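Could you build the full structure based on these sequences and the hints that come with them?
There are 2 protein chains.
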Amino acid sequence: MSVPDNHAPRNNTDATDLPTGFRYAGVTCGIKPSGKPDLSLIVSDQPVVTAGVYTRNQVIAAPVVLSQKRTPSASIRAVVTNSGNANACTGDQGMQDAAQMCEQVAELIGCSAKDVLVMSTGIIGKPLPMDCVQRGIGDAYSQLASDHDSFLDSAEAIRTTDKERKTVFHRLDFGDRSFQIAAMAKGAGMIAPNMATMLSVILTDAPLTPEVAQTSLQRATDSSFNRVSVDGHTSTNDTLLLLCSGSGAPLDGQELETFQQELTAAAIVLAKKLVADGEGASHVMAIQVHGAEDEASAELIARTVAASPLVKTAVTGGDPNWGRIVSAAGYAGAAIVSEKITLEICGTTIYSKGSPVHFDESALSKKMKSSAEVAIVLGVGDGPGSVEYWASDLTTDYVEFNSEYTT
Amino acid sequence: MSVPDNHAPRNNTDATDLPTGFRYAGVTCGIKPSGKPDLSLIVSDQPVVTAGVYTRNQVIAAPVVLSQKRTPSASIRAVVTNSGNANACTGDQGMQDAAQMCEQVAELIGCSAKDVLVMSTGIIGKPLPMDCVQRGIGDAYSQLASDHDSFLDSAEAIRTTDKERKTVFHRLDFGDRSFQIAAMAKGAGMIAPNMATMLSVILTDAPLTPEVAQTSLQRATDSSFNRVSVDGHTSTNDTLLLLCSGSGAPLDGQELETFQQELTAAAIVLAKKLVADGEGASHVMAIQVHGAEDEASAELIARTVAASPLVKTAVTGGDPNWGRIVSAAGYAGAAIVSEKITLEICGTTIYSKGSPVHFDESALSKKMKSSAEVAIVLGVGDGPGSVEYWASDLTTDYVEFNSEYTT
Numbered sequence: 001m002s003v004p005d006n007h008a009p010r011n012n013t014d015a016t017d018l019p020t021g022f023r024y025a026g027v028t029c030g031i032k033p034s035g036k037p038d039l040s041l042i043v044s045d046q047p048v049v050t051a052g053v054y055t056r057n058q059v060i061a062a063p064v065v066l067s068q069k070r071t072p073s074a075s076i077r078a079v080v081t082n083s084g085n086a087n088a089c090t091g092d093q094g095m096q097d098a099a100q101m102c103e104q105v106a107e108l109i110g111c112s113a114k115d116v117l118v119m120s121t122g123i124i125g126k127p128l129p130m131d132c133v134q135r136g137i138g139d140a141y142s143q144l145a146s147d148h149d150s151f152l153d154s155a156e157a158i159r160t161t162d163k164e165r166k167t168v169f170h171r172l173d174f175g176d177r178s179f180q181i182a183a184m185a186k187g188a189g190m191i192a193p194n195m196a197t198m199l200s201v202i203l204t205d206a207p208l209t210p211e212v213a214q215t216s217l218q219r220a221t222d223s224s225f226n227r228v229s230v231d232g233h234t235s236t237n238d239t240l241l242l243l244c245s246g247s248g249a250p251l252d253g254q255e256l257e258t259f260q261q262e263l264t265a266a267a268i269v270l271a272k273k274l275v276a277d278g279e280g281a282s283h284v285m286a287i288q289v290h291g292a293e294d295e296a297s298a299e300l301i302a303r304t305v306a307a308s309p310l311v312k313t314a315v316t317g318g319d320p321n322w323g324r325i326v327s328a329a330g331y332a333g334a335a336i337v338s339e340k341i342t343l344e345i346c347g348t349t350i351y352s353k354g355s356p357v358h359f360d361e362s363a364l365s366k367k368m369k370s371s372a373e374v375a376i377v378l379g380v381g382d383g384p385g386s387v388e389y390w391a392s393d394l395t396t397d398y399v400e401f402n403s404e405y406t407t
Numbered sequence: 001m002s003v004p005d006n007h008a009p010r011n012n013t014d015a016t017d018l019p020t021g022f023r024y025a026g027v028t029c030g031i032k033p034s035g036k037p038d039l040s041l042i043v044s045d046q047p048v049v050t051a052g053v054y055t056r057n058q059v060i061a062a063p064v065v066l067s068q069k070r071t072p073s074a075s076i077r078a079v080v081t082n083s084g085n086a087n088a089c090t091g092d093q094g095m096q097d098a099a100q101m102c103e104q105v106a107e108l109i110g111c112s113a114k115d116v117l118v119m120s121t122g123i124i125g126k127p128l129p130m131d132c133v134q135r136g137i138g139d140a141y142s143q144l145a146s147d148h149d150s151f152l153d154s155a156e157a158i159r160t161t162d163k164e165r166k167t168v169f170h171r172l173d174f175g176d177r178s179f180q181i182a183a184m185a186k187g188a189g190m191i192a193p194n195m196a197t198m199l200s201v202i203l204t205d206a207p208l209t210p211e212v213a214q215t216s217l218q219r220a221t222d223s224s225f226n227r228v229s230v231d232g233h234t235s236t237n238d239t240l241l242l243l244c245s246g247s248g249a250p251l252d253g254q255e256l257e258t259f260q261q262e263l264t265a266a267a268i269v270l271a272k273k274l275v276a277d278g279e280g281a282s283h284v285m286a287i288q289v290h291g292a293e294d295e296a297s298a299e300l301i302a303r304t305v306a307a308s309p310l311v312k313t314a315v316t317g318g319d320p321n322w323g324r325i326v327s328a329a330g331y332a333g334a335a336i337v338s339e340k341i342t343l344e345i346c347g348t349t350i351y352s353k354g355s356p357v358h359f360d361e362s363a364l365s366k367k368m369k370s371s372a373e374v375a376i377v378l379g380v381g382d383g384p385g386s387v388e389y390w391a392s393d394l395t396t397d398y399v400e401f402n403s404e405y406t407t
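From first to last, the protein sequence lines are chains A and B.
Read in this note's numbering, the first sequence has 321 at position 321, and its numbers run on one by one without any break.
Read in this note's numbering, the second sequence has 293 at position 293, and its numbers run on one by one without any break.
Don't read these hints as lab results, they were simulated from the structure.
Please read these numbers as outputs of a predicted model, since none were measured by experiment.
So the derived list for chain A, only partly shown, Cβ under 8 Å to chain B, looks like this:
#	residue
1	Gly-91
2	Ile-124
3	Asp-231
4	Thr-236
5	Pro-309
6	Leu-310
7	Ala-314
8	Thr-316
9	Tyr-331
10	Ile-336
11	Ser-338
12	Val-399
13	Asn-402
14	Glu-404
Built from N, CA and C at the ideal position, the CB exists for glycine as well.
Here is the structure:
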């Protein structure tokens, strides 16, 4: 399904507008039995500032163990990614394989292996077919190019069960200088049997210091990738990278503020694409919570509403079932003021000041069913805490897909 | 579905063995359009020690607001319960209606209204049809009796969407004196559209002080009703009561310890019946976690594994998918030792010391599919924390039932 885009970049760029300094390739090396592209390589001609945000799961895939030690950095030269195999729960062999992927890339482009990052996504618990991977890295290196099609090839080769390739392009104009943001992502939590990983790479030619890049990426993540859920299952491989190729004076003051807004907007677009493409999703739930004690409370309430199978199935069925939403808010663990609870679905108020209000149930149900994005606006008091959160609904397709016997 | 009972009482009592001092009735008063029994009354001839444990939801139904102020107590005389209407989110009218139910019972049996407890379960947000309720209380009072059939009538009248009536009977022999425990329960979280409430009443003629009764009930709850989940959605009406009619020296020392074990065992039997009867459930997952840092950590890990839709659907499909279980443990938020993780499903070890091990996948899948209860035993380190937790799986029946348009 596709999703209406309330967070579209303010300046949609022309397809050829990519940040300067990067080359891309995506190839088929044979990891996936389907024969679809499965190896992606992004190379920078110069060392670039790079920030990373990784899974909080304590069971961590080998490529995450390796990459997270290497960011933030001012000297990254490449990101190599394979799909079809997560290289997770693969022990010492997995660590050696991840290291070898970096070493091979480093040799080809002439840099230290510690300046190469690696990501993997796909089946858990199987060793990487390193002969395929090695051939793929060689092929990808020979095809590196800076054009738009090569960027898309690279984005294509990180997909697993994604129904759509996920990219976003933003442009920043600061009068005397302008910058690009180009980003790709795959996945939506652990959406498929034995498949893990949300991966995303955001490229820009804006100049940032490593520390500012790391802070900016974490801020963007907190309002985007950390505010979406499909099934609430945190994978072993989640990796989000920000590579900044820009030279010149690092962004500061108002320019940095604008960059942060655009970076966050780009991350939100990608995050919503993950939800819309979530396994079996028939609707995106866009959940706004306001009036909470603080932002953390608002987020906890939104996450609890988003995770409730009863709320999810109500949205699936087009059922404006305020009881499920209000009671989910009540057990989230954050303070709420029962007599001040208000609830709107798709713009219709159905609960106000702690009591149900009369509304046209049939009309609202029809509207919910026909909306790709169902807006749920929940007031829980008079506090300053508010948040927006996105989640998929829960369908029989999800259950059927995930209960198929696959081992 | 029915469930194998690993926590069967050590002494299954004869059906006529009920605690002394109580009379029961269950009648049809017309709250439910189906015409099924919907009003239950339990009366004690003497004031009894009573403890209560209630929902932690901040959105609390009127009967819970009222009952929780009245326990623990040494002077309770009756519990009146209606099904078909939860009297939740019903404002001041709901509070008046709950109070009036207690007043009517108090007048009939000749006691103070504050010595009557009230429970409600069913649709949220609709006012109670008080004419039906009043007629029902009158009818129930006139039918009160101490025989086994009357107890079952009472248990029958608290059901909503339960497929089975849920009761359990235990007997304690202490040489010179013996006691009975008889208990009833309904529901399994918020299992149905607009239906709320797990309700349970445990009756005994063992003598306990109010404080000891409260502590014992909380301890039993922590190992039973607080360790089950169907959909993780805490209702607005959950109420669990323990009524102790015994006279003589209150239990103490070894007798009290034995009583606690039997009470907990009875609560576990009921809690597992809730899970087995969970909406759409095709298997019970019996999740044991051991080796955690402490019991709270073990419980958090078990609850996270139990709540994962990916784990639930794997069990539905008979898929021994260790990746989903191990990664769920990894994001639970409690410390684990990755390289010491072990996992058994239905007695077969499939993951050991942090690595997958070879096993007969087809045989294990067949065993999972044919087991009403799928045992998942997860070791996460060398710590002393262990726990047992029960949950239902996730089926297309659950999604279909809960996504039907009902408002």
